[in-house]
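**Student:** Make a model of the complete structure from these sequences and hints.
Listed here are the chains, written in short residue letters.
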Amino acid sequence: MARGQTLFLHGPSGSGKSTLLGLLAGVLAPSSGDVHILDASFGSMSAAVRDRFRANHLGYIFQQFNLLPFLTPVENVLLGCAWSAERSKRAGGTHARMVEEAQRLLAALGLGAHIWSRAKTGELSVGQQQRVAAARALMGGPELLLADEPTSALDASSRDAFLKLLLDECGLHGTSVVFVSHDMALARHFDRSVALASVPQES
Amino acid sequence: MRLLSLTLKSMRQRKAGVALTIFTVALSVFLLLGVERVRTDARQGFASTVSGTDLLVGARSGPVTLLLYAIFHVGEATNNITWKSYQDIRSMPEVAWTVPLSLGDSHRGFRVTGTTSDFFVHYHYGRGNALAFARGRPFSDLYDAVIGSEVARQLHYKVGDRIVLSHGLGGANLASHADKPFRISGVLSPTGTPVDASIAVSLEAIEAIHVDWHSGIRLPGMEASADQARHMDLTPKAITATLVGLHSRLSAFAVQSAINDYPEEPLLAVLPGVALGELWHLVGTAESALRVVSAMVLLVGMSGMLTALLGMLGERRREMAVLRAVGASTKAVFALLVMESTLLTVAGMAAGVLLLDAITAIAHNYLLATLGLVIDQSPAPGEWPLLVLVLALGSLAGCIPGWIAYRRSLADGLQVRL
Chain A
1 MARGQTLFLH GPSGSGKSTL LGLLAGVLAP SSGDVHILDA SFGSMSAAVR
51 DRFRANHLGY IFQQFNLLPF LTPVENVLLG CAWSAERSKR AGGTHARMVE
101 EAQRLLAALG LGAHIWSRAK TGELSVGQQQ RVAAARALMG GPELLLADEP
151 TSALDASSRD AFLKLLLDEC GLHGTSVVFV SHDMALARHF DRSVALASVP
201 QES
Chain B
1 MRLLSLTLKS MRQRKAGVAL TIFTVALSVF LLLGVERVRT DARQGFASTV
51 SGTDLLVGAR SGPVTLLLYA IFHVGEATNN ITWKSYQDIR SMPEVAWTVP
101 LSLGDSHRGF RVTGTTSDFF VHYHYGRGNA LAFARGRPFS DLYDAVIGSE
151 VARQLHYKVG DRIVLSHGLG GANLASHADK PFRISGVLSP TGTPVDASIA
201 VSLEAIEAIH VDWHSGIRLP GMEASADQAR HMDLTPKAIT ATLVGLHSRL
251 SAFAVQSAIN DYPEEPLLAV LPGVALGELW HLVGTAESAL RVVSAMVLLV
301 GMSGMLTALL GMLGERRREM AVLRAVGAST KAVFALLVME STLLTVAGMA
351 AGVLLLDAIT AIAHNYLLAT LGLVIDQSPA PGEWPLLVLV LALGSLAGCI
401 PGWIAYRRSL ADGLQVRL
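Chains A and B, in that order, give the protein sequences.
If you use this note's numbering, the first sequence corresponds to residues 1 to 203, in order.
If you use this note's numbering, the second sequence corresponds to residues 1 to 418, in order.
Rather than coming from a laboratory, the hints here were simulated on the basis of the structure.
Below, a list of computed lysine-lysine pairs in the DSS-like style, where the Cα atoms sit at most 30 Å apart:
{"id": "1", "chain 1": "B", "residue 1": "K237", "chain 2": "B", "residue 2": "K84"}
{"id": "2", "chain 1": "B", "residue 1": "K15", "chain 2": "B", "residue 2": "K331"}
{"id": "3", "chain 1": "A", "residue 1": "K164", "chain 2": "A", "residue 2": "K89"}
{"id": "4", "chain 1": "A", "residue 1": "K17", "chain 2": "A", "residue 2": "K164"}
{"id": "5", "chain 1": "A", "residue 1": "K120", "chain 2": "A", "residue 2": "K89"}
{"id": "6", "chain 1": "B", "residue 1": "K9", "chain 2": "A", "residue 2": "K120"}
{"id": "7", "chain 1": "A", "residue 1": "K89", "chain 2": "B", "residue 2": "K331"}
{"id": "8", "chain 1": "A", "residue 1": "K120", "chain 2": "B", "residue 2": "K15"}
{"id": "9", "chain 1": "A", "residue 1": "K120", "chain 2": "B", "residue 2": "K331"}
{"id": "10", "chain 1": "B", "residue 1": "K9", "chain 2": "B", "residue 2": "K331"}
{"id": "11", "chain 1": "B", "residue 1": "K9", "chain 2": "A", "residue 2": "K89"}
{"id": "12", "chain 1": "A", "residue 1": "K120", "chain 2": "A", "residue 2": "K164"}
**Tutor:** Written as structure tokens, this is what we have:
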């Protein structure tokens with residue numbers, strides 16, 4: 001997969017979509033073989049190095065968002081680069097600049113200041129939380145964005161709009177995207193589309 | 001700093017749980033330190049029943065016996081010290097002051113001590129506290145008496161009341177000194193020492209009520225009225241014991257052996273602290289019992305604290321998984337959990353100590369008046385190791401979920417369901 005490319009990964013439930021994402025993110029270890037990603041090999045890394053690699057280079061949008069409900073949306077977005085000096089630098093370096101970037105990302109993904117400036121993340125609607133989760137994954141422009149059915153909670157029209165905003169934002173930073181969904185209707189937004197049954201256990 | 005602010009924000013989210021945990025820790029700490037403080041203060045109070053007195057001198061018997069009858073008013077003296085011996089001790093160059101004690105009479109079960117007004121100056125207890133008057137003054141007239149707080153409380157006496165002393169220390173048929181009634185001139189403040197349950201009169205008064213007595217019986221035909229007695233020679237012939245204060249504590253052993261070798265009559269001088277220590281060994285089972293209670297409180301308190309902390313941290317499992325997923329290292333998650341349990345423990349400890357201080361301050365006078373127990377507001381030395389133990393256990397409590405989070409695979413975290 002080339003840099004900046006977007007890949008749509010689909011397949012029926014239980015076909016191993018999430019497992020593949022787990023392997024790509026380095027949170028699961030392959031029982032055989034190795035994972036090569038961004039010119040690096042997970043097989044040769046220790047767990048701590050993998051943690052740092054993930055913090056520096058990967059953005060991950062979870063199916064369940066995994067936001068911290070007691071933080072504000074902006075604080076949740078800031079978590080995206082909290083453990084990576086590299087991404088902090090790319091997001092502006094200083095705290096004030098990073099806050100600005102987080103606010104810009106939220107706005108770019110369709111969350112107006114009137115929403116995120118007042119509420120705690122836990123008080124937002126599911127769709128709004130999804131946008132916060134996406135903004136967090138994109139914070140600091142990671143090289144690779146892994147998205148696990150991030151649109152499952154959205155209706156068809158807002159789903160397409162959200163996806164467009166997400167992909168535009170990725171294009172801005174040259175972020176590659178691996179997008180997992182069982183909704184074939186989304187495939188047209190992506191450069192390539194792969195059905196999982198034909199994907200070997202190595203990327 | 002980032003971890004700390006995350007922890008604080010997360011805790012703010014769980015106010016009720018946090019408050020409950022801190023409360024549990026505070027109660028444990030309160031109980032733990034409370035029992036320790038009572039234990040220490042009970043011993044301290046006992047050990048400092050007499051303080052500031054360098055030597056206690058009586059007729060030769062055993063140190064504990066002397067201490068029991070002279071200070072604790074338990075048992076009877078086997079022998080007295082002659083007035084001459086007392087004067088000899090008094091005139092030793094190392095001796096700064098002496099307070100004579102003459103025992104042998106009682107009033108409704110409370111012992112009467114014949115002494116001088118120096119008693120109120122030199123008798124110290126606790127950490128050098130002098131006797132204080134709750135009401136009234138020291139005795140000035142021959143037939144004045146000063147009563148301890150316990151006497152006043154139980155018999156409802158007040159300044160100005162008249163009392164009659166009895167000859168002897170108890171038993172069925174006490175002969176009374178009804179012909180020479182005493183007037184209460186003062187009531188002492190509670191001290192938590194045997195002084196509370198005693199009545200102090202002047203040495204001359206003891207002499208006066210016995211002026212027409214010999215060998216324990218009133219001599220017929222020799223009766224002297226209270227007023228007649230005033231004009232008689234009331235110099236005592238003997239006293240029971242004496243408290244001795246020295247110019248320098250360094251000479252205590254020299255003076256002690258000089259008195260023990262006093263050629264004219266067999267005397268015994270003891271260092272009150274040493275004798276009190278020996279006596280405490282006798283009654284030390286009470287302290288052992290408190291130690292057992294202390295250990296049980298420690299066990300229960302600590303397990304309550306650990307349960308509360310672990311429950312609290314269990315709630316954060318999902319939060320930890322999220323942080324791991326956004327790139328926080330296992331070390332950061334571990335640090336976060338330990339930080340939270342440490343914060344909770346420290347807050348609980350502070351609350352517990354404050355609670356204990358507040359309660360001892362409020363209950364201080366009540367405990368002193370009703371139980372004769374002096375609870376000190378300053379921490380007992382044994383409390384510091386306990387606090388360190390609580391802190392260590394509290395931090396350790398954070399290590400358990402921290403270790404679980406460390407061991408748990410990251411994938412587990414990513415798949416946590418809402």
